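Chemist: Each chain is listed here by its residues.
There are 2 protein chains.
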Amino acid sequence: MNQVSYRATNSPLGVSGTFAIGIDIGGTNTVFGIVDHRGDIQYRGAISTKKHLLIDDYINELYDAVLPAIDQVGGLDYIRGIGIGAPNGNYYTGTIEYAPNLNWKGIVPLTDLMTAKFQLPSALTNDANAAAVGEMMYGAAKGMKDFIMITLGTGVGSGIVANGSLILGHDGFAGELGHTIIIPEGRFHPGTKAKGSLESYCSATGVRLTALEMLENGKEDSLMRNYAKEEIDSRVVYDCAMQGDKIANEVYEFTGQVLGKALANFVMFSSPEAIILFGGLCKAGDLLLNPTKKAMEENLLPIFRNKIKLLFSELKEADAAVLGASALVWEIKTVG
Amino acid sequence: MNQVSYRATNSPLGVSGTFAIGIDIGGTNTVFGIVDHRGDIQYRGAISTKKHLLIDDYINELYDAVLPAIDQVGGLDYIRGIGIGAPNGNYYTGTIEYAPNLNWKGIVPLTDLMTAKFQLPSALTNDANAAAVGEMMYGAAKGMKDFIMITLGTGVGSGIVANGSLILGHDGFAGELGHTIIIPEGRFHPGTKAKGSLESYCSATGVRLTALEMLENGKEDSLMRNYAKEEIDSRVVYDCAMQGDKIANEVYEFTGQVLGKALANFVMFSSPEAIILFGGLCKAGDLLLNPTKKAMEENLLPIFRNKIKLLFSELKEADAAVLGASALVWEIKTVG
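Sequence order for the protein chains is A and B. Under our numbering, the residues of the first sequence are numbered 5 to 340, in order. Under our numbering, the residues of the second sequence are numbered 5 to 340, in order.
I should point out that these hints are in silico values taken from the structure, not numbers from a laboratory. Hints are not guaranteed to be accurate.
Which copy? The list can't say, so a pair holds if one copy fits it or any two copies do.
[As the list claims (entries may be wrong)] Capping the alpha-carbon separation at 25 Å, the derived lysine-lysine pairs in BS3-like fashion look like this: (1) Lys54 to Lys265; (2) Lys197 to Lys250; (3) Lys313 to Lys197; (4) Lys298 to Lys233; (5) Lys311 to Lys197; (6) Lys109 to Lys287; (7) Lys109 to Lys311.
If you're wondering where the values come from, they're calculated on a predicted model, not measured in any experiment.
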């Protein structure tokens, strides 16, 4: 944690630092909330991330959007700090580094900029880590000291907790499980140039590609053939699977097999109490969970079998990252 | 840590708990040492593990062997406790559980038995974890908070340190990286029934099998053809490779490729400062290190490239596990 100085907070009521600001920076939108210690989001808001080419403009708009919410809870004196989840956010340095989906290139000193603007201590981590912390404090991992959070969305992210703490690695970049290679020489990932990474199969994009491959390689009827290629996405696959479409169901079967194999390897690394799945693909429920669990168990050493809970997140997707980001605030070490 | 009660130690000189006993239980032999806080082994000894079918007989002989060494440093009052590394040793429960290479079947309550016999607090972990702690306190990982230790011996073991602590997992069984699947549907492992695990390729047995496969599948001349099949082991492969034998060199090239791919996945999990290789296979030096490093770098995301140190252990193989086991003692929490 980079140490930050901040203004003394002594509220007129003798209460200090009662709320935390949680901010989730996504490629398209930024969502924020004012959160109390129990994880109740008192105020919510959002601004566009994408429209700001300059980070300073973005922070100015964010400040203008958050300030009324701060006033609602009694002013800055009642705010303990700001926690932020962002793609490629680095906890140690407080910087966003080379995030492919954001406008701001290179290394952005985000916590420094935020602290200067808001006069509040700030902490940053990547979005999957933030979600893991949210889950640990308020969701399915409450009370757990060892678990792995896997986010299955546009990409595949992860947050790993061991001994009750996030594994950040020596440089703050630990937990890139989406980029581990599960099928050597497998599907090409245009973003990373790797072949056979978890993300290339188990993201929304991966599900879409698997569906297209299965449709192309087979001749069987499928509801998905009623759609143009460009229209087929993970939502279409889901809708067709729910209507009993055989190929759409096979897409989930295959996706679960790849995911389950990957999870087995992760279990043999950190032996977590639970693996928590989060993100858009979880909508598929048992369609995804059953083959995943089967493949995971088949690939585990006997000592790990039938012990690892495979759970879905208990937090609303919109809330998890904001809650997790806000939770960082309670751990900020401050000077002064 | 299971808490243990132990006799009060007040030496006549007012010095207490100056030494730790480190014990490394291998399938064949048990090695022990009396170690001071700086990691200097004052006395060394060994007994046979294999000859004792009953754990009680084993502990009795161990006691008789260790007692003279204890007396040499001034008696029990100068001993802080006993640290033990053993296959399938569980730190949380102090038990050895279903160790395939030991005579004692089922669950052995080792620390309870040791504490009852020696009247000293005892701590247990698996042999690879013990080696990792030894490396962190006295070897190549001194001062590091995030590293992975890979032991390349008869089997492949691992000890993972993150945030300065061993990752033990919720049940004490974390760090079974030898059993992660690197080549799906690859080589069969008769012990675990898994296909394509790291251990099936990168252990001494794996190197032997790779050599036999390469000899069988090719017709090229090789010094290894001067040996009977049964004679070919990792030592023969090494000797032939050092004499410039092409196939023997290809064995290391292939072994390094598999190991490097595996290491890349591990890096994306915990982003360690270093990976430390340990055990018999390390004798091969650059023959193994160069292809390993190349394959690891090729399979890493750009943010991890050229950052991870790939090192050999700095501890004598015979000493590392004893030192690591003894180091557990300094962290034993006692009730008093």
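Chemist: Each hint: holds or not?
Modeler: Hints versus structure:
1. Lys54 to Lys265: Classified as neither; 36 Å inside a copy, 36 Å across copies.
2. Lys197 to Lys250: So Lys197 and Lys250 fail the 25 Å test inside a copy (32 Å) and across (32 Å) alike.
3. Lys313 to Lys197: between (33 Å within a copy, 23 Å between copies)
4. Lys298 to Lys233: neither (31 Å within a copy, 39 Å between copies)
5. Lys311 to Lys197: between (35 Å within a copy, 19 Å between copies)
6. Lys109 to Lys287: neither (33 Å within a copy, 45 Å between copies)
7. Lys109 to Lys311: Only across copies: Lys109 and Lys311 sit 21 Å apart there, 43 Å inside one copy, limit 25 Å.
This entry does not satisfy hints 1, 2, 4 and 6, going by the numbered hints stated previously.
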